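Visitor: Listed here are the chains, written in short residue letters.
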Amino acid sequence: GQNIDQPTEMTATEGAIVQINCTYQTSGFNGLFWYQQHAGEAPTFLSYNVLDGLEEKGRFSSFLSRSKGYSYLLLKELQMKDSASYLCAVKRGFQKLVFGTGTRLLVSP
Amino acid sequence: SQTIHQWPATLVQPVGSPLSLECTVEGTSNPNLYWYRQAAGRGLQLLFYSVGIGQISSEVPQNLSASRPQDRQFILSSKKLLLSDSGFYLCASTGVRPDTQYFGPGTRLTVL
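These protein sequences, in sequence, are chains X and G. Positions in the first sequence are counted from 1; adding 80 to them yields this note's numbering. Positions in the second sequence are counted from 1; adding 991 to them yields this note's numbering.
Extracted from the complex, chain X is given alone in its bound form (with noise of 0.2 Å):
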């Protein structure tokens, strides 16, 4: 079977770190993607790991440890553009997407 869970909602202020957590369990993992999708748009992509590790870009950077089934998507100095949701999905094989239901995130001032 396949299982991801993220965190319904998390709330955080202008300027400040958040880290949404993605834990998952799916067999023939080929890596993990995560998504920024803004009320009524489309996802659009943000990161993709493969090996564990941190990758970084700008104030965006996703982290993933295979062998716990558990990755992270760090965003730091938030801005009030950043309030959206936040998905993550696994991909199986060479094909398949399973996505998460998503992090909906509120950014304060």
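None of these hints come from the bench; they were simulated from the model. Please note that a few of the clues may not be correct.
[To be verified] 35 Å max Cα-Cα, derived DSBU-like pairs, lysine-lysine:
#, chain 1, residue 1, chain 2, residue 2
1, X, K137, X, K161
2, X, K137, X, K156
3, X, K161, X, K176
4, X, K148, G, K1070
5, G, K1070, X, K176
[Unchecked claim] Covered stretches of chain X, as calculated for chain G (at least 3 residues, CB under 8 Å):
#, region
6, 122-129
7, 173-183
[Claimed, not checked] Which stretches of chain G does chain X cover? Using the computed rule of at least three CB atoms under 8 Å from a CB of chain X, they are:
#, region
8, 1030-1038
9, 1064-1076
Keep in mind that this is a model prediction, so the values were computed, not measured. Built from N, CA and C at the ideal position, the CB exists for glycine as well.
Go by the hints and put chain G onto chain X.
Guide: Positioned in the frame of chain X, the structure of chain G alone reads:
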């Protein structure tokens, strides 16, 4: 650069009516194409994917079907819509990064 088009952007259809949603991709040759549905408060659910013209894999048994008549065209269809078919339908394509899926703007379908 790659561009994914979807139309229509929004659609309101009565129960039992047919459906045809279209997705076209520019800027990428021989992409893998995907149809997802996002129901209110739920995660994205993969419906179909295609690795080439005429090649369709179905993930969830339902009253929907997909076709790929051209390399960069992907169509989602139904003969008779159900209330449960309401949702946000997203087309995705592999692109500059062949291991990554990029999403089109989506079609919001309401079945009444």
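Visitor: Look at each hint and say if it fits the structure.
Guide: Tested hints:
Distance restraint check for X/K137 and X/K161: the Cα-Cα separation of roughly 17 Å lies within the 35 Å cut-off, and the hinted pair is therefore satisfied. Between X/K137 and X/K156 the alpha-carbon distance is near 11 Å, which keeps this suggested pair within the 35 Å criterion. For the suggested pair X/K161 and X/K176, the alpha carbons sit about 30 Å apart, so the restraint of at most 35 Å is met. Simply put, X/K148 and G/K1070 have alpha-carbon atoms about 45 Å apart, too far for the 35 Å limit, and the pair is violated.
Taking the CA atoms of G/K1070 and X/K176, the gap is about 26 Å. The hint holds against a cut of 35 Å. With a threshold of 8 Å between beta carbons, the proposed coverage of the region 122-129 of chain X by chain G holds, since 5 of its residues qualify and at least three are required. Counting residues of the region 173-183 of chain X whose C-beta sits closer than 8 Å to any C-beta of chain G gives 8, which meets the bar of three, so the coverage hint holds. Beta-carbon proximity to chain X at under 8 Å applies to 6 residues in the region 1030-1038 of chain G; the threshold of 3 is reached and the given coverage holds.
Coverage of a stretch by a chain is defined here by at least three residues with a beta carbon nearer than 8 Å to that chain's beta carbons; for the region 1064-1076 of chain G and chain X the count is 0, and the condition is violated.
Figure legend: structure checked against the earlier numbered hints; hints not met, in rising order: 4, 9.
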